[in-house]
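Number of protein chains: 2
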Amino acid sequence: MALIVQKFGGTSVGDAERIRAVADHVARTRAAGNQVVVVVSAMGKFTDDLIRLADDVSPTRPPRELDMLLTAGERISMALVSMALEARGVRSASFTGSQAGIITDTGHTQAKILEMRPERIREALDNGLVPVVAGFQGISTEKDITTLGRGGSDVTAVALAAALKADSCEIYTDVTGVFSADPRVVSKARRLPKVSFDEMMEMAATGGRVLMLRSVEFARRHGVPLQVRSSFTWEPGTWIVEEDPTMEEAIVTAVTDDTSEAKITIDGVPDRPGIAAQLFRTLADAGVNVDMIVQNTGTNGLTAISFTVALTDLEKASTICGEVKEAIGATSVTTDDAIGRVSIIGAGMKSSPGVTALMFETLSSNGINIEMISTSSIRISCLVRAEKVADAVRFLHTAFGLDAA
Amino acid sequence: MALIVQKFGGTSVGDAERIRAVADHVARTRAAGNQVVVVVSAMGKFTDDLIRLADDVSPTRPPRELDMLLTAGERISMALVSMALEARGVRSASFTGSQAGIITDTGHTQAKILEMRPERIREALDNGLVPVVAGFQGISTEKDITTLGRGGSDVTAVALAAALKADSCEIYTDVTGVFSADPRVVSKARRLPKVSFDEMMEMAATGGRVLMLRSVEFARRHGVPLQVRSSFTWEPGTWIVEEDPTMEEAIVTAVTDDTSEAKITIDGVPDRPGIAAQLFRTLADAGVNVDMIVQNTGTNGLTAISFTVALTDLEKASTICGEVKEAIGATSVTTDDAIGRVSIIGAGMKSSPGVTALMFETLSSNGINIEMISTSSIRISCLVRAEKVADAVRFLHTAFGLDAA
Numbered sequence: 001m002a003l004i005v006q007k008f009g010g011t012s013v014g015d016a017e018r019i020r021a022v023a024d025h026v027a028r029t030r031a032a033g034n035q036v037v038v039v040v041s042a043m044g045k046f047t048d049d050l051i052r053l054a055d056d057v058s059p060t061r062p063p064r065e066l067d068m069l070l071t072a073g074e075r076i077s078m079a080l081v082s083m084a085l086e087a088r089g090v091r092s093a094s095f096t097g098s099q100a101g102i103i104t105d106t107g108h109t110q111a112k113i114l115e116m117r118p119e120r121i122r123e124a125l126d127n128g129l130v131p132v133v134a135g136f137q138g139i140s141t142e143k144d145i146t147t148l149g150r151g152g153s154d155v156t157a158v159a160l161a162a163a164l165k166a167d168s169c170e171i172y173t174d175v176t177g178v179f180s181a182d183p184r185v186v187s188k189a190r191r192l193p194k195v196s197f198d199e200m201m202e203m204a205a206t207g208g209r210v211l212m213l214r215s216v217e218f219a220r221r222h223g224v225p226l227q228v229r230s231s232f233t234w235e236p237g238t239w240i241v242e243e244d245p246t247m248e249e250a251i252v253t254a255v256t257d258d259t260s261e262a263k264i265t266i267d268g269v270p271d272r273p274g275i276a277a278q279l280f281r282t283l284a285d286a287g288v289n290v291d292m293i294v295q296n297t298g299t300n301g302l303t304a305i306s307f308t309v310a311l312t313d314l315e316k317a318s319t320i321c322g323e324v325k326e327a328i329g330a331t332s333v334t335t336d337d338a339i340g341r342v343s344i345i346g347a348g349m350k351s352s353p354g355v356t357a358l359m360f361e362t363l364s365s366n367g368i369n370i371e372m373i374s375t376s377s378i379r380i381s382c383l384v385r386a387e388k389v390a391d392a393v394r395f396l397h398t399a400f401g402l403d404a405a
Numbered sequence: 001m002a003l004i005v006q007k008f009g010g011t012s013v014g015d016a017e018r019i020r021a022v023a024d025h026v027a028r029t030r031a032a033g034n035q036v037v038v039v040v041s042a043m044g045k046f047t048d049d050l051i052r053l054a055d056d057v058s059p060t061r062p063p064r065e066l067d068m069l070l071t072a073g074e075r076i077s078m079a080l081v082s083m084a085l086e087a088r089g090v091r092s093a094s095f096t097g098s099q100a101g102i103i104t105d106t107g108h109t110q111a112k113i114l115e116m117r118p119e120r121i122r123e124a125l126d127n128g129l130v131p132v133v134a135g136f137q138g139i140s141t142e143k144d145i146t147t148l149g150r151g152g153s154d155v156t157a158v159a160l161a162a163a164l165k166a167d168s169c170e171i172y173t174d175v176t177g178v179f180s181a182d183p184r185v186v187s188k189a190r191r192l193p194k195v196s197f198d199e200m201m202e203m204a205a206t207g208g209r210v211l212m213l214r215s216v217e218f219a220r221r222h223g224v225p226l227q228v229r230s231s232f233t234w235e236p237g238t239w240i241v242e243e244d245p246t247m248e249e250a251i252v253t254a255v256t257d258d259t260s261e262a263k264i265t266i267d268g269v270p271d272r273p274g275i276a277a278q279l280f281r282t283l284a285d286a287g288v289n290v291d292m293i294v295q296n297t298g299t300n301g302l303t304a305i306s307f308t309v310a311l312t313d314l315e316k317a318s319t320i321c322g323e324v325k326e327a328i329g330a331t332s333v334t335t336d337d338a339i340g341r342v343s344i345i346g347a348g349m350k351s352s353p354g355v356t357a358l359m360f361e362t363l364s365s366n367g368i369n370i371e372m373i374s375t376s377s378i379r380i381s382c383l384v385r386a387e388k389v390a391d392a393v394r395f396l397h398t399a400f401g402l403d404a405a
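Protein sequences, first through last, are from chains A and B. If you count the first sequence from 1, position 173 lands on 173 in the numbering used here, and the numbers rise without skipping. If you count the second sequence from 1, position 387 lands on 387 in the numbering used here, and the numbers rise without skipping.
Read the hints as simulated data drawn from the structure, not as lab findings. It is possible that part of the hints are untrue.
One copy or any two copies: either way a pair holds, since identical chains are not told apart in the list.
[As the list claims (entries may be wrong)] Pairs of lysine to aspartate or glutamate residues, derived as EDC-like cross-links and limited to a Cα-Cα distance of at most 20 Å, are as follows:
#1 Lys45 x Asp56
#2 Lys143 x Glu123
#3 Lys143 x Glu119
#4 Lys143 x Asp126
#5 Lys194 x Glu235
#6 Lys45 x Asp15
#7 Lys388 x Glu361
#8 Lys194 x Glu243
#9 Lys316 x Asp336
#10 Lys112 x Glu142
#11 Lys316 x Asp337
#12 Lys165 x Asp126
#13 Lys112 x Asp285
#14 Lys316 x Asp267
#15 Lys325 x Asp336
One chain only, chain A, in its complex shape (with noise of 0.2 Å):
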């Protein structure tokens, strides 16, 4: 008997309909012989209506109280499943992430988990029954209401699904798995019914909008084999697990995009040592994610730096950089918002030398410029301009043999 966690997003729980299709999913599986631990998500966009209210009785939005707010409507989604679940003859009791174990820190909105206490969870599983979790949710050491933050849901799946040492954890959303490219932006791309998690962790950094970083990474430092699977076609998705080194990879799995970012560009910067440590610290302290860096020496003893960050810092970004300009003498700061990156991604590039040069000669055949590069062992990133992001996945999708037949 496998002990299998499934998780359901908002769209897979979006009304009564939806949550009667995921209760007949859970009864099947649990009929096949499985032990189920449900996680869910708010329904639809319920947790956007409760953000409404607030911004409407609050111009701030005190954290604390916003993570009970937004907490209400996991709890709303999961009595429902677990309803359904009964309704079908399958016993079924929905626990809060606090009634669950989950204990964070006091990051409200966006808290680390620090220990999983499953006993509740553990408890009705021997009892014959299926619990039934709300996602995206904990309880602090403080005994307050916290949240998880972006993704969070899928991270109180995987983390359930290493404390109960679960076969596998299914992550079920409104795709049908992880694709070689976006299939909104190459028509041929291809489902991939398994990727490392080395690689879907790289393609979650570089614009995968399937699963977050986060909860990738949680998985695979817990060792939870991942499947994410669409919750409208039921049908089999894309495994996520540790590479096997008996197989041959492939070069390139994915392709992916991403124009969430903007380039800042520090020109004339005096060519000294901690001149850059002394940039990206004062950005650390105020909470600005750095991406790509890139710096070049000129022959006059100035330098530029060139950076990523994310569009919704570039604002605070660009204030920071005009400060450090000052305290340091360069010679001005410029941000472009009109960029967009492009990355390749594969675990057999590590032994396959020659990809970069394919990866560079098919965007400038097709005209299209790099303004930046930066490399992991099994992905290469080119910054490009943003209308040109499209077209550069697609080129790119083509000349690694990714399209499908």
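Using the hints provided, position chain B relative to the given structure of chain A.
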């Protein structure tokens, strides 16, 4: 510095605008030098929406899950009220029933409070915060979320006021207080500045819709002065207090009406000891509450037993009576759902003879036939045809000098 518990019902927190108005009022109460604990119900018709969703996913309503579902409502309103207070510079924190230490039995959907442990509420008050507590909910001895049944938010407010030794408990609603009769029935009904607990309990038990019997009983037992007020006009409302023996009491304070009951008559019952006991024990065991009871002994050794039950219990009660009829050899069971009850209530009635006579004369001289009578020391109730109830209330209101000038 007084400590005041202010409870706001569903219409009082019905939308963002109402919530802002509530926050304004709490801020004013605070600025006047009082400590305030706020208790809130779910917003407007939100609970009804949730019940509709539940019915849509499950033909039954598993009680534990129904409680989990419904408590989301107060969680939303309490977080929003707390945010609105913070927006006015009033430091605040919201607390679930569980966090407020409201410990109940395991009777889901109508749990009884076993113990109050409001340590976190006290601590919040000591720290200068306005605690906002979810009404209607608690946590059971099994650590499951429970709800307190109809009128449960009032019970939460009164129980908190008692446990915190508050100076008063203000129940805010969409009416301006307790009236000498239902203003929709009697246009000349007057708002009562003061009502005794005894009178209020009789009013609640005989159709007064402002407060539920349970919260009044609770307030009386713990000596919590209650005030019913409007959250729309904010004008002073009605105080419900211990009787003041030094004041002369009005003979009749209010006239109430109730058309939510039905009458059952069992005819030809052998006049033997224990027969009535057997009937009412069977009904009680089935959870049917019996209200007025009349037994007439005939001359032939047979009696007729009539009693009233809630309309919602009529079907169940009449089935039981059919079975009991066979068992005891009675002649027939008849039911009548077109009856209504009109009651006069007044603490001064105890020492005033002639009240009963005036009530009967008023009804009979206006052609209203009395079908059953029941009395307590401060109340007289008459069962009449349902269609005569409104007239009966108006005639009695005038006859006992209650009409506003």
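Results of checking the hints against the structure:
no.: 1; hint: Lys45 x Asp56; result: both (17 Å within a copy, 19 Å between copies)
no.: 2; hint: Lys143 x Glu123; result: between (22 Å within a copy, 14 Å between copies)
no.: 3; hint: Lys143 x Glu119; result: both (18 Å within a copy, 13 Å between copies)
no.: 4; hint: Lys143 x Asp126; result: between (27 Å within a copy, 18 Å between copies)
no.: 5; hint: Lys194 x Glu235; result: within (14 Å within a copy, 68 Å between copies)
no.: 6; hint: Lys45 x Asp15; result: both (10 Å within a copy, 18 Å between copies)
no.: 7; hint: Lys388 x Glu361; result: within (15 Å within a copy, 93 Å between copies)
no.: 8; hint: Lys194 x Glu243; result: within (10 Å within a copy, 77 Å between copies)
no.: 9; hint: Lys316 x Asp336; result: within (14 Å within a copy, 74 Å between copies)
no.: 10; hint: Lys112 x Glu142; result: within (14 Å within a copy, 28 Å between copies)
no.: 11; hint: Lys316 x Asp337; result: within (14 Å within a copy, 71 Å between copies)
no.: 12; hint: Lys165 x Asp126; result: within (14 Å within a copy, 44 Å between copies)
no.: 13; hint: Lys112 x Asp285; result: within (19 Å within a copy, 51 Å between copies)
no.: 14; hint: Lys316 x Asp267; result: within (19 Å within a copy, 85 Å between copies)
no.: 15; hint: Lys325 x Asp336; result: within (17 Å within a copy, 88 Å between copies)
Going down the numbered hints, you'll see the structure goes against none, and every one checks out.
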